[in-house]
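Q: Below, each chain spelled out in residue letters.
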Amino acid sequence: MHLVYPAVLSALLFCTGLYGVLARRNAILVLMSVELMLNAVNLNLVAFDVWLSKAARETLHSGQALTLFTIAIAAAEIGIGLAIVLAVHRNRGTSDIDRLRDAAEGPGDGSDDSDGSDSAAATAPGAEKAEATA
Amino acid sequence: MTTTTYAVLVPLLPFLGAVAGLLLGRTAPGFVRPLAVLPTLASLVLTVLVAAGQGGGRAVDAATQLTPTGSVPIELALHIDGFAALVAVLVGVVATCVQLYSTGYLRDDARYPSYAALVSLFTSAMLLVVYSGDLIVLLVGWEVMGICSYFLVGHYWETPQARAASLKAFLVTKLGDVPFLIGLFALAGDAGSFRVTTVLGAVASGHLHHPTLVALLLLAGVAGKSAQFPLHSWLPDAMAGPTPVSALIHAATMVAAGVYFVARLLPVFQASSAAMVVLAVMAAVTMAGSALAALAQDDIKRVLAYSTIGQLGYMTGALAVGDRGAAVFHLLSHGAFKALLFLAAGVVIHAAGTNSLAAMSRMGNLRDRVPDAYWTMTVALLALAAIPPFSGFFSKETVLGAAEHVATGHTGHAPGAAGWIVLVAGLVTALLTAAYAMRLWLLAFRGRGADAPGHGRQPVVMNAVLWVLAVPSLAFGGLAFRVLPDWFDGRSLAPALTTSVLGTGLAVAGGVLAYGAWRHTTALAARAPLGAVAAHPEADAGLVESEAIASHEPAYGDIAYAPDPADPGRLLLGPLHRHAAAGFHLDTVYAALFVRPVTAGASLVRFLDREVVETYVRGAGALPRLLGAAVRRAQTGNVQTYVSALLAGTVVLAVAAVLVATGA
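Protein chains in written order, with full-length UniProt numbering: chain A, 1 to 134; chain B, 1 to 664.
So that you can see chain A by itself, here it is in the shape it has in the complex (with noise of 0.2 Å):
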């Protein structure tokens, strides 16, 4: 098999992951896309492997080695994501991410005071609904 296949499958699945992670609004799906562009870039690695182990006499199948670590990063990142999202969307009632917009400048001259009162108004109430959850 030519290399252009893969190559050009893995683009795509790059670009459409792309297009998810800047487009969509949804944490979750976001987080999606990112395991999207993870696989394109695994593709890559075992297809680019292959093609060097043709042309080498002896290799390591370090491109093979390298996706398994991937996969394995990648589970864990997205349990760590996904755990987020759940816990994000307990408190505020949604994994929209346009309207988590704490980490703004606030309007004016964004002085640090007005920052430490925003994230201490913010926590408080979270915090209380945590336990009401909980």
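Hints are not guaranteed to be accurate.
[Unchecked claim] Each pair of labels, with its calculated beta carbon distance range:
| hint | chain 1 | residue 1 | chain 2 | residue 2 | range |
| --- | --- | --- | --- | --- | --- |
| 1 | B | ARG632 | A | SER53 | 50 to 60 Å |
| 2 | A | ILE84 | B | ALA648 | 24 to 34 Å |
| 3 | A | LEU86 | B | TYR642 | 40 to 50 Å |
| 4 | A | ARG57 | B | VAL660 | 26 to 36 Å |
| 5 | A | ARG99 | B | SER603 | 49 to 59 Å |
| 6 | B | ARG610 | A | ALA23 | 53 to 63 Å |
Please keep in mind that the hints were generated in silico from the structure rather than gathered at the bench.
Note that beta-carbon positions come from the ideal geometry of N, C-alpha and C, so glycine has one too.
Position chain B against the provided structure of chain A, taking the given hints into account.
A: For chain B alone, kept in the frame of chain A given last:
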């Protein structure tokens, strides 16, 4: 061991004692008292050995140069002549007495270890000044004394008076020390050496090019240290320190350093007759003014402080007529009786619970309560008033005799004008001195009224020290005036007949006048009762005294003055009384001349700093602040915007990399 070895050990021992006392003060409090007393006592023994070794013969000289220092060499040098040997013995005696007395006086004081160490350091510095044969080494001791005085005057730093007094003492003496330093440099520049012997040799051979300038510059430092007009105003305020400190520093040693310095370098001053006349005028104004002020003070220690200034005036007067033997003779006898007066006053203050003479004059049995202080103080006051045969009589008559000698035309070593000035001022002051000594004695010990509050017995060590010092106050002058000329310049120190009769007559007249005034006014005491200043009855003497000082101003409205109609000084001085009590308003003049311009300058600097400099700083910060505000607007909080910007950046970088790689 040779005399030189002893002499090196003399300033070294108290210095080591001070260092050890400061280091061990907290960890081993049991060692503090031995470390305070024993090194001082040992150096007293050594000073006596040095004096015996020197014996009034040829001066002992020794010098070693540690390292070359450039044009004019600085050497660790000793120059011990008869003056140095005897003054060192005086310093040793007074310092030992003060250390012993302090063990009783400050027995419950939490800061006793540092106090004792500073007194030792002070003693060491004074002994260094006395023995040093090199002017820069002398200056080191001179300045160490200044800083020790600052710390010791401020011993009760909880009271605002002590804080202000310690700062004042330091600043005023430093005001004199700056010209003093320049004068030393000018002197060494002319003579080519800092060694005392070389300088004196240069003066003798006429190599001193600017004698008047040098002498006047040095005089400024001497006036500051020896509390001469116009730099005397720190000494009465320095009475806010503990009484032993007053006795050591402000009566017998530190203020004597200035007189001793002039005595040592007298030929330098004699080279300029203008300087001698200035010295005479300074002495005369100091003598008469301080005696008048002493007559009006209410604080017993301030009376003694002004009397110290006056007696130092006698010494500078003797120097102004070119007789350093008389000056040092008076320094020695005055050192003994003035230390005794101060230490006895400490006992009296403790027993009475107040430092106010007006309050003491309304206590009935003060003299029965402190018999030792009563008798020794009587002896010392008689010596102060120069009544024969007490020691003050002989030394003071020597001064007056020397002045009369110059005034009657023997002007080989001093200008005749100086002789007349010193003689007239000295005789007037003899009258006033006797008057204020009489007033002090009458008010303190002949009071009528309720009994003094009981404060327990005084520690034995304090009373013992009083008797030790009473012996030289009584007998030193009469025994020494025949022997001392061998130690000094060889000029006779025997009292002359004319001045003796005049001086004693005036002293008796002053005493009688004060007694008469007291008889006249004492009836008023019962009619105008003054509240005695309260104090903790059971506390140690140091605490009683600091409370007495702190409460004098709230009780009477002024630190030096009490509105007492029964005061004989008020009758004698008349309208002058109020001005004399305030030290003739010299402090007000200083406040107008120096303090107010300095505070005005300070507020100007504060204005410039707050309003001008900070405006520049704030202006420099404005542009970065605006830029920061603009950049912060990019932080929208939307993660997807950030990722888009990241992607755009990556694409741009990738395209650029590809373009560079392909060489397009």
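Q: Hint by hint, say whether it matches the structure.
A: These are the hints, each one checked on the structure:
The hinted range of 50 to 60 Å is satisfied by ARG632/B and SER53/A, whose Cβ atoms lie roughly 51 Å apart. Taking the beta carbon of each, ILE84/A and ALA648/B are about 26 Å apart, inside 24 to 34 Å as hinted. Evaluation of the 40 to 50 Å hint for LEU86/A and TYR642/B yields a failure: the beta carbon distance comes to about 23 Å. For the pair ARG57/A and VAL660/B, the supplied restraint of 26 to 36 Å holds, since their beta-carbon distance comes to about 34 Å.
About 58 Å separates the C-beta atoms of ARG99/A and SER603/B, a value consistent with the hinted range of 49 to 59 Å. Judged by the Cβ atoms, the range 53 to 63 Å given for ARG610/B and ALA23/A holds: they are separated by roughly 56 Å.
Comparing the model with each earlier hint shows a violation of hint 3 alone; every other hint is respected.
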